[in-house]
Every structure is written in structure tokens, then in C-alpha cells.
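All chains, please: the whole structure from these sequences, using the hints.
Note that the protein sequences, when read in sequence, are chains A and B. Residue 2 is where the first sequence starts when you use the numbering used here, and the numbers rise one by one after that. Residue 7 is where the second sequence starts when you use the numbering used here, and the numbers rise one by one after that.
By construction, these hints were calculated from the structure, which means they are not laboratory data. We put the beta carbon where it would ideally sit given N, CA and C, even for glycine.
A few chain B residues that don't get close to chain A, going by computed Cβ distances all over 10 Å: (1) A74; (2) S94; (3) T96; (4) E121; (5) A159; (6) S269; (7) D280; (8) F356.
So the derived list for chain B, only partly shown, Cβ under 8 Å to chain A, looks like this: (9) A196; (10) P197; (11) P231; (12) S257; (13) E273; (14) F274; (15) G303; (16) E304; (17) Q330; (18) T332; (19) P333.
Coverage of chain A stretches by chain B, computed from C-beta distances (three or more under 8 Å per stretch; other residues unrestricted): (20) 48-61; (21) 169-183.
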Amino acid sequence: MRIGGWMLSGAAALGAPAARASPLDQPRVRAIIESLFPARPIESSDGVAIEGPEITDDGAHVPIRLRVAPSGSAPRRIALIAAENPHPLVATMDLGERLVGPFSLRLKLARSQSVVLLAVAGQRLYGATAFLKVVASGCNPGQEATPPTDIGATRFRHDPPHDGLADARLLIRHPMRVEQRDGADTLSRPADHITQIEADIEGLPLLAMACGQSVAADPYLAFQLRAPRIGETLAIRWRDTQGRSGDAHFPLGI
Amino acid sequence: MNLERRDILKAGSALALSGLISACATPLRRPAGGRVVVVGAGWGGATAARYLRRWAPEVDVTVVEPAAAFVSCPQSNLVLSGGRSLASLTHPYARWATGHGIRLIQERVLDVDPERRRVVLASGAWLGYDRLVLSPGVDFDYAAVPGLEDEAAQALVPHAWKAGPQTAALRARLEKMPDGGVFVMTIPAAPFRCPPGPYERASLVAAYLAQHKPRAKVIVLDANPDIVSKKGLFRTAWRELYPNLIDYRPSNALLHVDANRLSVRTEFEDLRADVLNVIPPQRAGDIARRAGALREGEPWVRVNFLDYRSERVDDIHVIGDATQATPAPKSGHVANQQGKVVAAALADHFAGRDIYREPVLSNTCYSFVSNDEAFNVAAVYRVTESGTGLRLADGSSGVSRVRSAEEAALARAWATNIWSDMLG
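Right under this line is the structure:
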């Protein structure tokens, strides 16, 4: 389903003398980038960009699409950072050869802010930023809600391939609850979120995704799958902060 | 404004209208109190027009509304379950307008020219204004529902998200549905008009089926990760009143509709329905965009909540579901409250007074889960410091502890009272 009013804010934002200071210059963002991708200059590329709605009412559920196709080598690792969230590192994803972007996912934003995408391809590090506006904060702990009874239920589906690439979607039911603090120091309720999602096809790694609490409820990932064949099986494994874990298997090919 | 024009307007001749309105909109005829045109006589517009006439009788108020009668969306889900008739939700405008000295033009607005402060009507006539109040409600974004882009396909899949013939059409389909059939409804990603409405509908369709087609099922495909409003109360009601009848499937966004086969494709499954109800994604009524009140790419209008003036266009005020009013819901009650705030602000404006700086909105949304039981959510909203946002007043929000017959009676009384407030 199309979402009205998507904007594209990509490579151009990096070099442009914008009214806002670049989020890449914020110390906490720099520290994350340095720890993930030490001592690499960040380049821009037309093929690396963040797309999202102009404005989202509920910051608990902000849909975005990541374009990660720099010219040259395919990216092997990407990271997403929400600069002003309490826990800014949203996720990192290690990408197998058959996993192809663009990637759609949903994140939480505490307020309107810049989001940073980084992609490693070959020996190069590419970056893009986008300013995403939200009306209501997505990082409120909210009421103590009963977790869904089908926590961990995993759904996957792919469409018939076109030119060898099939649109695919993965969703795992999980509340992805943020932590609750009374004051700065006291953790009154710990977070409850998935930390790791792994996928492989016949033993060959497809995806390893590390999630923080800034991934929206019911973690969702849309992507393209290269050449799904009848007889192959996709295996999904996940685990969360509470020690829950699960796996699911899906036959490929249509 | 003279009587002659009023009589001619009532006669409704488009040709005569065209000539006379244009002729009258010259400075010679400008009334002393100011001219206000209100577009849309729903919950917001009807309230604004009535209260502006009450608080500023010297102001000339013209309402442009294509329908001859108001049909209430709130409580229209009860038509599906047989708990209310469509007639009981319907209130003709004619006597209301005459009684309050409101000039009513039963036409569609085509365009707004903010430079010349004119509203262009479908007949080609135009109306001049000093201040314009847009209360256009929501438009459906069918372009975002592959398979339902054209009107022929839409006609096969009623939304019933604007009450009236659509409500009757959905009820008729329910009546024709075979016992053992499947009712499938889809809910778009929030925000949409009436946050608890889809879940009330699922409940009341289940109420009808439990009574008339006990082997039938309701499948709810929700793009949202959970029930958007009054979650616990709905879940309890579904479990206790309709065990195994409502199959709720969250995080299941619609991708495609086949209107002829009544089948849907979501992100994760394909389904066939005997009765299909697609609640389409929504955005501000299109006249808001035509008036230039929308930011590029944004679906809802940004206003200053002290007087609801558009942040973008001078002399235009926007109220109701079309506004970006989060955290206040897109509800009839909130639109009614906004109608009063804009009426007060305009009355102050034309009298040369300062506007009131601390307007407070309340909201009550009742939801029925059967013809006999209901519950509510209520809250109070204040304007933020900057005037450009709303916030929940501390400690003001709450929901019913349990569903009850008493609340069903209160809900019916609420409707009678608020309809009387806007249209009495």
C-alpha cells in the first residue's frame, strides 16, 4: 500500500549546507559510527538514501524505506541510527548475497529528528540522512499492556520473481516494549524487545539483524530475494531480551 | 443581505444563483458584521455556523453543503446490527438553516480563490467571504488501494465510512450473506476517522451474525499492530460475547483488492470474502488542498488551535477531521468542540476583541459492542504554548471499567444531545 507524501532525502543532504547541523556531526552519532565502522570516511552515493513519509502521526510506527544500491559492489552491512532517540542505534543488518534492497521497515521515533543510514560496500562506507517528522512521540513506555498471546509468531511471504528478484516480507509478532525509567538512574521496568533475527536458506546466511528498542512493534522487513527456488527452505530464528526465542521455516518458490 | 437573494438561493436555480451571487458580492452589499462562508455542514461546520450566528448575530453566515440532510457517522454501525435505523441518524438541514438565519446553499464547492477571497461552486457561481471556515472531513485515498482505483470497483466494495447510502448498502450485503459465509473487513494504518470505529463495527457485525447467521465469521485484517482504541474492552467483549466469531489479524496490511471476486491480498495472505468491507486510507477533504491549506506531501491541515486559522493561507480556518490535531482523535465530538472555538474566535474577530487564549476541548467516544451494551473513552485537550498543537490535559483521559447497558443508554443520550446542540 502506498503511503501518501513520501519524500526522498539522500546523498544530497550530506554535502548541502543545510539549516540544521548534519546529524553525522553529533557526538553520540559519531561514536556509534566509529564503533561500527572505525576510521572510514563517509561517502555519498545516489543509490543510498532513506525514504519516509513527510510526517507520521504516531512516532511508535514510522515506515521507512532504505535504498542501498551504490554503484559498484553490493552492500554487505548496513546500520540505521535515530540520532535523538534514547537508544539511537535502531538496527544493524548483515546481508547475504541473495538479500537485496530496498529494505522497508518500521521504527520508533521519540520526536521529529534526523535518521542516518550507513552502508558498507566493498571497502567503502556510504551514508545518507533524512529528517523525519512525527506528531506524537513513539518512545513512551505507555500503560502496562498484556503482551500478545501469539508473541514470536512469524510470517513470511514472497511474490513470484521478476527478473530473478522476488518481493518478500517478514514479520515477527512482538510488542518491542521500551524501557521505563523513573528519573535518569532508576530503571523501573526493563525493555522487552527482540535483539536478534537471523535467516538462512539451506544453511547459507541470508540475514543477521541486531535490533534495539527503536524498532517498532511487530518487527517487519520487506526486501527482495534473489532467485527463490522450489525445494528451498527459509529458516528464521529470533531471540529477545526476556530470554524468549523461536524459529520458523518457510518453503520457497512459487 | 436582502431577502430577495435569500429567497432566490432557496429556489436553488443554478443559473439565477450564478448571476445573483456574483452581483451581490460587490462591496455595495457587504454586511456590517462580516461575511463568513462555511464549507461542509458536518459535525464541525454545522456547529460553527450555528454558534457563530448565536454569538455574532450581525455576521452573515453562508453554509455550502451538497447533502440535503445530515447523517451521523457516530452510531451508524448500529444500522448494521439492527440497533438503529438510518432514519434515526438523519436530520434535514432546511429548518435548521431557516431557524438560525443561516443561508444554506445545497451545492458542492469546486475551488477556493484565497487571493480574491472567493469560493467557487459547482454551478460556476462564486461566493465572496471575509473569513472562510473549511470543515471538509476526510476524503478516501483509493489511489492507495490497488484494485479499487476506479469507481466501478469501489461500488462493489462498500466502505460505509461515511454514513448514508453506503451504510444501507453494507447492511443489505450482510442480509444477503449466506450462513457460514465470511465477512472480511480491512483497517488502514492510523490515523483515520473514528479510531474505535472499525472495532465497534466488527463487534456489531458479529452481533448481527450471531443472531441471524450463527455459522458465519468475521475476519478483521488490521494494518496496525494492535487495536487502535479501547483495546482491552474490545478484546474482552469479543471473547465473552462472540467466542470464536471474530478472527482479528493485526499487522496485516492490505495490498490488493479484486472487487469482482471479493478477494483481498494482504502482505501475508490471500482471502476470499462473502461480504467485503474495505475502510480506505484517508486524508483531509480535497478542498483543503485546493485552498492551499495543505503542506506539500502532508495529508492533514496544520492550524493554530486558538482560532483554527490555516498556517498557510490568510482568512481560512479549518476544523474537524481534516486537521492535524493529534493527540485528539478524529471524532465528531472533537469537531463539534472545534466548531465552537472557531465560532467564538470569529465572533471576537468581527467585534474587534482579542481572541480567548486558552480554549479547552473535550472528547467522548462511545462504542457499542452489541445493541444493548457500550463503553466510552473520554479526554480533555489543551492548546500547547505555541498554539500550533494540542496536548492531553494531565490526568484527563480514561476509559470505562466495563461495558454496560447503562452506558448504552448514555451513548444514545449523548447522540441526541449533541445532534440537538449542532442541528437543533
